[in-house]
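Colleague: Which chain is which? The protein sequence lines are A, B and C, in order. With our numbering applied, the first sequence has no gaps in its numbers, which climb one by one up to 276 at the end. With our numbering applied, the second sequence has no gaps in its numbers, which climb one by one up to 290 at the end. With our numbering applied, the third sequence has no gaps in its numbers, which climb one by one up to 340 at the end.
Rather than coming from a laboratory, the hints here were simulated on the basis of the structure. Some hints could be false.
Below 30 angstroms or equal to it, Euclidean Cα-Cα: the simulated DSS-like pairs (lysine-lysine) are [said to hold, decoys possible]:
#: 1; chain 1: C; residue 1: K299; chain 2: A; residue 2: K164
#: 2; chain 1: A; residue 1: K126; chain 2: C; residue 2: K122
#: 3; chain 1: A; residue 1: K164; chain 2: C; residue 2: K182
#: 4; chain 1: A; residue 1: K93; chain 2: C; residue 2: K317
#: 5; chain 1: A; residue 1: K164; chain 2: C; residue 2: K317
#: 6; chain 1: A; residue 1: K67; chain 2: A; residue 2: K84
#: 7; chain 1: B; residue 1: K32; chain 2: A; residue 2: K67
#: 8; chain 1: C; residue 1: K299; chain 2: B; residue 2: K79
#: 9; chain 1: C; residue 1: K299; chain 2: C; residue 2: K317
Coverage of chain A stretches by chain C, computed from C-beta distances (three or more under 8 angstroms per stretch; other residues unrestricted) [unchecked claim]:
#: 10; stretch: 96-105
#: 11; stretch: 122-135
Note that the Cβ used here is the ideal one computed from N, Cα and C, for glycine as well.
Read off the chains here:
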Amino acid sequence: MRDPKKPFIPERDLDKSPVLECVELGIDFGGLTAVDDFNITIAPTEICGLIGPNGAGKTTIFNLLTKVYQPSRGSMYLEGKDTKNMNTIGVNKAGIARTFQNIRLFNRMTVLENVLVGLHNEMDYKLFGTIFRLPSYWRAERIARERALEYLSIFDMQDMADYKAGSLPYGSQRRLEIVRALATNPAILLLDEPAAGMNSSETEELMENIRKIRDMFNIAIFLIEHDMKLVMGICEGVAVLNYGKLIAKGTPEDIQNDPQVIEAYLGTGGGERENA
Amino acid sequence: MLILDQLINALQLGSIYALVALGYSMVYGIIKLLNFAHGDVIMVGGYIAIFSLAAGHHPALAFFLIVFGCTLLAVVMEKLAYTPLRTAPRISVLITAIGISILLQNLAQFFFEARPLPLHIPLPTGSINIAGTTLAYTMIITIMASVLSMLALNFVVSRTRLGKAMRAVSEDGEAAQLMGINVNNVVTFTFAVGAALAGIGAILYFVRFPVVTPTVGAMLGLKAFIAAVLGGIGSIPGAMFGGFAIGILEVLVTAAGFSRWTDGAVFLVLIIVLLVRPTGLMGRKIVEKV
Amino acid sequence: MKQFSLRMPVRYLINACLIIAFLIIGNIITQGELLSRAQNNIIIQVGFFIILAVSLNLSAGYLGQLPLGHAGFMAVGAYTGAIFWRMGVLPDGASVVVGLILAGLAAAVFGIIIGIPALRLKGDYLAIITLGFGEMIRVLINNLPSITGGAQGLAQIPRHSTFLVVYICMVVCCLVIHFIMKSRHGRAILSIRDNEIATESCGVNTTYYKVMAFVVSAFFAGIAGALYAGFLGILVPSDFDFMMSINILMIVVLGGMGSMLGSIVGAIVLTSMPLLMVDLARYRMIVYALLLIIVMIFKPSGLMGTYDFSLSAIIEKIGRRFSSGKVEKEKAQKGGDGNA
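Let the hints inform the model, and build the full structure from the sequences given.
Modeller: If you want it as structure tokens, here you go:
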């Protein structure tokens with residue numbers, strides 16, 4: 001499946017089986033091809049970036065990976081499992097979690113409750129146990145609460161646990177979304193523009209935290225980002241999308257020197273005009 | 001020619017539903033509001049007719065007052081209750097619309113009591129014979145009047161500046177606003193046109209069912225609404241088609257001897273349409289952006 | 001730093017005492033000669049309207065949908081209970097319990113039949129399809145006279161709806177819904193209201209929880225229906241028309257969608273006011289409709305918002321005020337440790 005000439009995965013991971021593998025994934029909207037021939041392989045514990053000009057179809061790819069849209073063609077494997085018949089809920093259970101470009105928190109619920117929704121499938125008591133308040137309910141709730149606070153402590157947010165999520169400042173909302181996604185115990189975490197609206201010191205901190213999360217949970221991270229400093233700083237592999245097609249894959253250095261990528265970002269013939 | 005009789009009968013009923021359905025569909029197309037009170041506008045039209053005719057007005061003046069009164073009511077309703085809710089959650093707007101509907105019904109009950117009042121709309125009586133079928137003038141007038149109204153609406157929507165603005169707002173309200181269209185005016189205009197059509201619908205309805213009660217608009221409104229959903233809410237040709245389809249269905253069910261099940265049949269159509277094709281036969285699919 | 005908080009068993013004990021106290025007071029009042037027959041009837045009506053409102057609040061307030069067919073579920077329960085009670089196959093006490101459960105189950109079955117297809121739709125479309133289903137139920141009842149008595153109605157229903165029965169049903173309804181909401185199931189329902197796509201991305205089976213909320217809501221509406229039948233002793237299909245659904249919706253909306261306390265207070269006020277002030281009954285619906293519109297424009301969250309009353313929370317607040325001096329001292333000490 002993989003093109004040996006353009007190694008997307010650094011050598012150290014080549015012997016591991018990939019956590020996410022997309023083969024010729026594509027989707028059309030009413031005859032218009034939004035994404036076509038999308039191939040990618042991401043190894044466990046790899047941090048990868050997806051970049052491209054506005055409207056290139058980056059978020060559409062995240063929506064395909066999380067089955068918000070069903071792909072028109074191609075296939076996708078999560079830890080070797082075919083996701084063909086899965087829906088959004090199914091792929092989450094199979095190990096994919098995400099954040100959203102336009103933040104989608106449960107605004108009228110508290111910060112803690114937001115994380116507890118992420119932990120939903122980690123609790124196993126049934127409706128019967130709920131109504132009669134059986135020991136299974138108390139035990140699961142207590143453990144879940146402790147774990148939720150632990151997750152919140154990654155970003156030092158445990159003191160905000162009882163605030164309404166909608167009342168948090170913007171940066172904390174982005175962080176809470178990441179915490180909620182992590183709580184679903186994913187094998188790969190998709191971050192849709194995690195640094196959007198952050199200043200450079202906040203971005204710096206975020207980069208630190210993304211690495212920390214990877215090392216703590218041993219998960220792969222796939223992120224869409226416009227901030228090149230972040231992408232080039234933490235990503236081990238970068239994919240470039242333009243007009244719904246991958247135009248380059250490789251290490252950050254490869255990408256920075258790829259003539260096609262430069263063209264996509266600066267426009268056709270940009271170099272020549274400069275010469276003239 | 002029993003079949004032809006029934007067909008004309010169905011067309012008469014269907015054209016009334018179509019006129020009322022247009023109001024639902026146009027308003028929904030523009031601000032995604034299910035104007036629950038639209039049916040009650042017709043009830044108000046009925047009471048206006050009673051008073052105007054009792055006062056000895058010329059029928060033409062009475063007709064004008066009905067249409068004008070309905071239009072005015074809709075505009076006031078829109079300005080007082082719906083405009084403040086332009087950015088509110090959809091559920092609040094829907095509840096408000098239900099509130100207005102109940103308010104109108106109960107005001108009517110308060111002033112005129114629940115007792116049904118007879119209403120005789122003065123249209124030429126008599127009939128003509130075509131190919132063995134007796135056609136009452138009222139039937140012909142009803143069908144003609146609604147077809148003319150729909151043609152006029154079509155002209156307004158496709159040829160005039162305001163019509164163009166309406167289409168722009170229903171396509172994308174924010175973009176329309178950025179292009180310098182006064183969205184508030186367009187919405188008010190849409191309510192006015194919808195209510196004017198309902199006013200005409202009211203006259204034609206009471207020609208066929210000459211009794212006014214405070215809740216007369218509720219069932220008529222509901223069925224017209226179902227017609228709008230069937231055709232694809234937000235679509236003008238859809239509303240016309242849906243209206244005729246519901247009219248034909250009702251006449252068929254009654255003719256088949258199940259007159260007690262006509263309401264049930266209409267609701268069944270609603271349920272089936274919503275389950276199989278919620279956007280109706282001519283509606284567009286709305287995709288949520290993620 | 002440890003905040004003053006009541007432990008769970010203590011909270012439960014406080015609430016249990018309250019519930020029993022209300023039961024005893026209510027029973028004394030309704031059994032004795034303290035109140036007129038009419039006033040007794042008001043208390044019972046308030047009881048089943050609380051059940052109706054609290055159950056509708058589950059699907060309208062917590063789940064965030066707008067079902068307009070609650071009266072339909074109520075009708076199913078009412079006729080099921082009434083028909084069962086009229087058969088009189090069991091001794092009175094058992095008959096009441098079995099009849100109520102059957103009524104709830106029958107309504108819940110309809111809840112599943114209606115909920116699974118209806119909940120594929122959202123917002124306005126869901127409102128309309130539930131309205132359609134609600135009306136269908138009424139048309140069916142009207143046209144099946146051999147079972148339901150048709151338009152003439154069903155008479156001579158044993159009057160089982162005593163204060164005790166209604167009160168117990170009400171408490172069970174409120175407790176069960178409260179317990180569901182304070183669990184992973186309830187959080188799933190709330191998160192669907194706030195953001196359905198994000199809920200799915202968290203691996204929560206949204207369809208299951210929507211149907212669950214809908215079915216539990218229908219179950220209690222069915223029980224309330226049976227209580228209604230056992231209270232009036234006679235049923236006619238027109239009792240369960242669209243206006244009944246709207247009446248219940250008004251209670252929930254005015255009380256505050258998503259607040260159980262709001263639904264309870266709303267049910268008490270809106271049900272008892274017109275009965276207490278007969279002179280005003282003429283204006284009742286006009287005032288309610290105006291209130292509905294005004295509340296939607298100026299305070300869409302309803303009069304109570306999402307505030308939920310909790311005696312334990314109030315006791316905790318007082319407790320904290322008393323111990324706040326101590327807490328501050330601890331804080332200061334902690335801060336000092338940090339610096340050192």
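Colleague: In ascending order, which of the hints set out earlier in this document are inconsistent with the structure?
Modeller: 4
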